[in-house]
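Residue numbers (this note's numbering), protein chains in the order written: chain A, 12 to 142; chain B, -16 to 427.
Think of the hints as simulated: they come from the structure by calculation, not from any bench. Be aware that one or more of the hints could be misleading.
List time: in silico BS3-like cross-link candidates among lysine-lysine, alpha-carbon distance up to 30 Å [claimed, not checked]:
(1) B/K335 x B/K266
(2) B/K136 x B/K3
(3) A/K69 x B/K335
(4) A/K13 x B/K335
(5) A/K141 x B/K266
(6) B/K136 x A/K80
(7) B/K335 x A/K80
Quick list of simulated restraints, FRET-style, between CB atoms [what the hints assert, rightly or not]:
(8) B/K3 x A/D123: 55 to 61 Å
(9) A/A81 x B/G395: 27 to 33 Å
(10) A/L15 x B/L78: 48 to 54 Å
(11) A/V63 x B/D213: 48 to 54 Å
(12) A/I35 x B/D213: 45 to 51 Å
(13) A/L15 x B/A156: 23 to 29 Å
(14) B/S371 x A/V63: 53 to 59 Å
(15) B/K282 x A/A17: 53 to 59 Å
(16) A/A17 x B/D213: 52 to 58 Å
(17) B/D375 x A/A62: 55 to 61 Å
Keep in mind the model is a prediction, meaning the values are calculated, not measured. Cβ coordinates follow ideal geometry from the N, Cα and C atoms, glycine included.
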Amino acid sequence: MKELEALNLPDNIGYTDDHEWAQITGETVRIGVSDYAQDQLGDIVFVEMPAVGDQFSKGDEFGTLESVKAVSELYIPMSGEVVAVNTALEDSPELINEDPYAAWIIEIKPADAGEYQQLHTAAAYLDLLKG
Amino acid sequence: MRYLPHTSEEIASMLATIGKDSLDDLFGTVPADCRMTNAWQLPPPKSEWELNEYMRDLAATMRVNEHTKVLVGAGSYHHHIPETVRHLAGRSEFLTAYTPYQPEMAQGTLQGIFEYQTLTARLLGMDAVNASMYDGASALAEALLMGLRIAKKKKTVAVSKAIHPHYRAVVRAYLQPAGYQILELDVLDNGRTDLSGLTELSDTAAVALQSPNFFGVIEDLAAAASAIHDTGALVITCFSEPLAYGLLKNPGQCGADIVCGEGQSFGLSRSFGGPALGMFGCKEAFTRNLPGRLVGETKDIEGRRGYVLTLATREQHIRREKATSNICSNQGICAMTAGMYMASLGGTGIRKLARLNYDKTQYLKDQLVAAGASLTFAAPVFNEFVVSFPRDFGPCYQRLLDKNIIAGLELGALYPHLANHYLFCVTETITRQTMDTIAAEVRA
Chain A
12 MKELEALNLP DNIGYTDDHE WAQITGETVR IGVSDYAQDQ LGDIVFVEMP
62 AVGDQFSKGD EFGTLESVKA VSELYIPMSG EVVAVNTALE DSPELINEDP
112 YAAWIIEIKP ADAGEYQQLH TAAAYLDLLK G
Chain B
-16 MRYLPHTSEE IASMLATIGK DSLDDLFGTV PADCRMTNAW QLPPPKSEWE
34 LNEYMRDLAA TMRVNEHTKV LVGAGSYHHH IPETVRHLAG RSEFLTAYTP
84 YQPEMAQGTL QGIFEYQTLT ARLLGMDAVN ASMYDGASAL AEALLMGLRI
134 AKKKKTVAVS KAIHPHYRAV VRAYLQPAGY QILELDVLDN GRTDLSGLTE
184 LSDTAAVALQ SPNFFGVIED LAAAASAIHD TGALVITCFS EPLAYGLLKN
234 PGQCGADIVC GEGQSFGLSR SFGGPALGMF GCKEAFTRNL PGRLVGETKD
284 IEGRRGYVLT LATREQHIRR EKATSNICSN QGICAMTAGM YMASLGGTGI
334 RKLARLNYDK TQYLKDQLVA AGASLTFAAP VFNEFVVSFP RDFGPCYQRL
384 LDKNIIAGLE LGALYPHLAN HYLFCVTETI TRQTMDTIAA EVRA
């Protein structure tokens, strides 16, 4: 496990209590899990993703991450409609361990872009992890 | 690996650990009126020969004995069990209901169950088969729950009324308290399931059919699967007689997504109804939603082939309330026995035996029709069929019973509109002589 100070927590994305991140990319938002989440889970062996077109409200479960020792639910940081899923993860789920920020999981068209403001900054998220 | 009960030293040591003086002390929280207070009233011990004689006398009082010709199937089938199976399955190393967790201790058991899974997957045309469920009925209930999980938001399933009535009762027990809707599909005059109402079922997660169904009738699974898929539902097929797939196109080839059923036919004695064996498999896309244990093949650090439980993250010790099932122990020894049975017969043997069942069944069907009986359903059957008789069959049934032949199952109790219709089953154990006797009595 990494020391909290050793975590990679970029400043240009928003974080949730459940360790997902969201990044605004023009009209859409990409969603993934934080360095802390991938580190805690260990080797990820399967990513269950929703279908393109599925609608979710903020906080809904949109998929699961399965590692060799546990399964975790994924909760969506912002409401919206899924416009893309990262199909590279179907055959190479370990991409999330290698770089959790490059390995986005889904891309959504947000219902309310303002919801982004409610997410934690990197500094606030780190404070949360420190408890 | 041997399985021995606790010794008195072990019990004493465990009691000491938890700070209890005795077993009575341990069970002290059980209310007094729920406990047995008087001692067992048992007869004095018998010598081995006295006991053998006692058991023989007891056996002689039973209606069914080894000479009885049983022409009743209806979910439990009287097949010959090869002595190889009885011998191998009787080995103490295999005697456990559990799928073993410790691969370092249990390679033999794990490999045996892996072989069972592989043979069953081939028989059913599935990509993955689990290490077993309790029985055909609970396997069907679990299959429908799996269909609901995969479909996520849909809350309805549909099942054919030609599925074994006991299976449907278990399905209701599993699904109704959880708030799911169960639609029942009617049976056509030819004995197959009526699928004409399917187009209205856009909110249905899964549709289940049994083939051969409870009436012995072979469903047109390929056509049904395609019609069901058109509604967006998953196709679940179940069975009570897996031997049929020695002859019929397997459910996987017909388009089934999940296949489940009862495996008693494969080397397990009927034993008044149990223990049974739930066979359960699915297509690869749904593997992560499988209930139950799954044995996989792997390599150890030195590159040698080995067997372990796999995809365990589906199970309750890891996923808790989100597990794919709460099944924990299962039918380990029954699955092992079925694997031994399939391996003993081989593909050719299963095909030949299925053919023999089919041919003998056709023979009795023809003889009964020639003797004046009418077939209730016109669609093709495997080793069971339903007939009615021009006159009350009761006296004839009794005369055959006096000759130690059990001539079918009257269906009124299970299907009131089929009162005085009889479900017959003919396996390899029924001789032409027995069938001719039945036909002669019908004519008499």
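Now for the hints, and whether the structure bears them out:
no. : hint                       : in the structure
1   : B/K335 x B/K266            : holds, 27 Å
2   : B/K136 x B/K3              : violated, 50 Å
3   : A/K69 x B/K335             : violated, 59 Å
4   : A/K13 x B/K335             : violated, 62 Å
5   : A/K141 x B/K266            : violated, 44 Å
6   : B/K136 x A/K80             : holds, 28 Å
7   : B/K335 x A/K80             : violated, 46 Å
8   : B/K3 x A/D123: 55 to 61 Å  : holds, 60 Å
9   : A/A81 x B/G395: 27 to 33 Å : violated, 53 Å
10  : A/L15 x B/L78: 48 to 54 Å  : holds, 51 Å
11  : A/V63 x B/D213: 48 to 54 Å : violated, 22 Å
12  : A/I35 x B/D213: 45 to 51 Å : violated, 41 Å
13  : A/L15 x B/A156: 23 to 29 Å : violated, 49 Å
14  : B/S371 x A/V63: 53 to 59 Å : holds, 55 Å
15  : B/K282 x A/A17: 53 to 59 Å : violated, 34 Å
16  : A/A17 x B/D213: 52 to 58 Å : holds, 54 Å
17  : B/D375 x A/A62: 55 to 61 Å : holds, 59 Å
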